[in-house]
Amino acid sequence: MPETVARSHSGLFLPLASVEALYRHCHLRPPVVVTAGSAVQFARSVAALARVGEPGLVLTATLIALPCLPIALATFDLTGSNPDATALRGLDIGLVVYVAVMSVALTAWYLARLAMPRRSFSALIAGYASGAASGALAAAVLGGDWRNAVMGAAIGGGLVSLAQVVTALTWSLRQRRAIGQRLGARIALLGSRPIHDVVRSRLDLAARNLPESAPAPPSRPAHRSQPPEERPRVAARIEAEGRRLTGYRWSGIRPLLGSGSNAGDRYSLDRAARQVADPDDLPAVLRAAIALDASVDAVTLLEDVTILLPSGSPLEVVAAPRRGGTRLRSERAAYRDVLAALGNSLLLRRLVDLAWSDRIADRLLARHIVRSEDSVLRQALVQAMGTGRFIAAARLAPVHTDETGALYLVGPARDPLAYVRVEDATPGADGTRAEHWLRVPPHVATAREAVAWTFGVSEQTYSPSMES
Amino acid sequence: MRSLRQGDVLLLPVDSIPSSVMPVPTAQHRGRPCLVVARGERTGHAHTLPADPAITLFSGEEGTSIGFLEVRGDETCLRHEEHRPLPIAAGRYRVIMQRQHDPALARGLAVAD
Numbered sequence: 021m022p023e024t025v026a027r028s029h030s031g032l033f034l035p036l037a038s039v040e041a042l043y044r045h046c047h048l049r050p051p052v053v054v055t056a057g058s059a060v061q062f063a064r065s066v067a068a069l070a071r072v073g074e075p076g077l078v079l080t081a082t083l084i085a086l087p088c089l090p091i092a093l094a095t096f097d098l099t100g101s102n103p104d105a106t107a108l109r110g111l112d113i114g115l116v117v118y119v120a121v122m123s124v125a126l127t128a129w130y131l132a133r134l135a136m137p138r139r140s141f142s143a144l145i146a147g148y149a150s151g152a153a154s155g156a157l158a159a160a161v162l163g164g165d166w167r168n169a170v171m172g173a174a175i176g177g178g179l180v181s182l183a184q185v186v187t188a189l190t191w192s193l194r195q196r197r198a199i200g201q202r203l204g205a206r207i208a209l210l211g212s213r214p215i216h217d218v219v220r221s222r223l224d225l226a227a228r229n230l231p232e233s234a235p236a237p238p239s240r241p242a243h244r245s246q247p248p249e250e251r252p253r254v255a256a257r258i259e260a261e262g263r264r265l266t267g268y269r270w271s272g273i274r275p276l277l278g279s280g281s282n283a284g285d286r287y288s289l290d291r292a293a294r295q296v297a298d299p300d301d302l303p304a305v306l307r308a309a310i311a312l313d314a315s316v317d318a319v320t321l322l323e324d325v326t327i328l329l330p331s332g333s334p335l336e337v338v339a340a341p342r343r344g345g346t347r348l349r350s351e352r353a354a355y356r357d358v359l360a361a362l363g364n365s366l367l368l369r370r371l372v373d374l375a376w377s378d379r380i381a382d383r384l385l386a387r388h389i390v391r392s393e394d395s396v397l398r399q400a401l402v403q404a405m406g407t408g409r410f411i412a413a414a415r416l417a418p419v420h421t422d423e424t425g426a427l428y429l430v431g432p433a434r435d436p437l438a439y440v441r442v443e444d445a446t447p448g449a450d451g452t453r454a455e456h457w458l459r460v461p462p463h464v465a466t467a468r469e470a471v472a473w474t475f476g477v478s479e480q481t482y483s484p485s486m487e488s
Numbered sequence: 345m346r347s348l349r350q351g352d353v354l355l356l357p358v359d360s361i362p363s364s365v366m367p368v369p370t371a372q373h374r375g376r377p378c379l380v381v382a383r384g385e386r387t388g389h390a391h392t393l394p395a396d397p398a399i400t401l402f403s404g405e406e407g408t409s410i411g412f413l414e415v416r417g418d419e420t421c422l423r424h425e426e427h428r429p430l431p432i433a434a435g436r437y438r439v440i441m442q443r444q445h446d447p448a449l450a451r452g453l454a455v456a457d
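Here the protein sequences come in this chain order: A and B. Here the working numbering is used: the first residue of the first sequence is 21, the next is one more, and so on. Here the working numbering is used: the first residue of the second sequence is 345, the next is one more, and so on.
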């Protein structure tokens, strides 16, 4: 089957022609092709480009904030036009109750459709509640009147909900603009609509209308490392990562053909085990889908944009940065290993996450390590953190320094660890000398004796006439 | 004659080389034949000597990080990717690899560069 391919920066072949053909045979405009280098990058690209999350978020936040306006207007009207009134007027109360009931009902209805995770919904409610509480408190402190407090709560809650919406939209817009600039292509700033249903219905119809004598689709090339039965699981893992990033359920990532796809059992990859003699007998839309399917591990079809994960890309879904910012500090490799060595204490994890800066988080960990009574455990902890990083965070001063290096003691005086810091005699390409930390026995008195010990000689014997 | 050092390798002059040690065969490093004194486990860098009949590198006793070197005739150079070449005069040397203390084992271990 003739196939035009391009080679990505990672050396993988990209089936650009089959993507274009698939869209063309489904009577869709040719898309911009975004190639992900890994499963994580794929999930992030879909999260950024697909119009799946924001409409739901915007509508939900709007519904939650809906009672704000009538409450504010009612209390404003009450306090402004009728200062002597002691209760809301019938019209105002009715309006508030109606809007509140409608907003709750609409929110519930929309949430059921979106299957929004509890975490995202909780974040919206918490944001609204904190804004309302702040507004009420500010109004109460300033005005002292309960009506002002009600109005302040309504305005505060509304403003926080608005800020949440703006934050969500801004993240997506920034991502889309960056991807568009990188590709040098026009990307819809409002996101692209998923079109899997359009493509799948065509594929399904094409497969169902095949005569019994039609050739089976070719099997995926033998060198592809991804077995067919693994692909739905890969898709599920990518979807889970996308859900973690966006907070919304994804359902758009499926293999185009075969197990786990919607293209019909008849055209499954089980049948694809047999080689086809002449694939040109197949409908054009199936040919394009087969060619694409053979070259990618995952694909998301959007209006005017296609996101591909070429076969052979790294599939490990590792923790990626959270939406709108960096992920929790305790999830980063630099802290994860140390926290694991420290027993993964929940309290310590939260403290590390809450630390104002990495420097303070490091200091927190270093203090824990220094207090460790067991020198063997302490040494493992220092190693997990990195000796140089640990010494700097613990703000330890050397107990002895000479021309060979600097000697440091770590831990209680009765059972300390000893480290000697040395530098390469030869500067590196950038003109600086590489620094090394060597563990030495704590009985050494000087840095020279420590360095001599690392070579198994006495301080007197260690006197190199030349070093490089 | 005094000792020489290149990074984590120390060459200590000795009068004689024990008869029990065995010569190290020529190996390949970066596509070139040479005598590999020590190879970094993490970086893949190595301290190497030219494959020259006038140079014999001996491995130490099994389980130790100590070897021996004999340079006959002209001066040679110990080379490493991250260090300046170290000139070595003719003579016999004990080759000592740097080690680290392990509080658990309370004995020296070879250092990884």
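Rather than coming from a laboratory, the hints here were simulated on the basis of the structure. Just so you know, these numbers come straight off a predicted model, no measurement behind them. We put the CB at the ideal spot given by N, CA and C, even for glycine. Do not rely on the hints blindly, as some may be mistaken.
[As the list claims (entries may be wrong)] What follows is a set of in silico ranges between Cβ atoms, one per label pair, in the way DEER data are often shown: (1) B/Glu419 to A/Glu423: 43 to 53 Å; (2) A/Ala353 to B/Asp446: 20 to 30 Å; (3) B/Ile361 to A/Ala353: 44 to 54 Å; (4) B/Arg383 to A/Glu443: 18 to 28 Å; (5) A/Leu374 to B/Ala395: 57 to 67 Å; (6) A/Asp394 to B/Asp359: 39 to 49 Å; (7) B/Asp446 to A/Val186: 18 to 28 Å; (8) A/Thr421 to B/Ala448: 45 to 55 Å.
_Earlier hints that do not hold, by number_ = Structure breaks hints 1, 7, 8.
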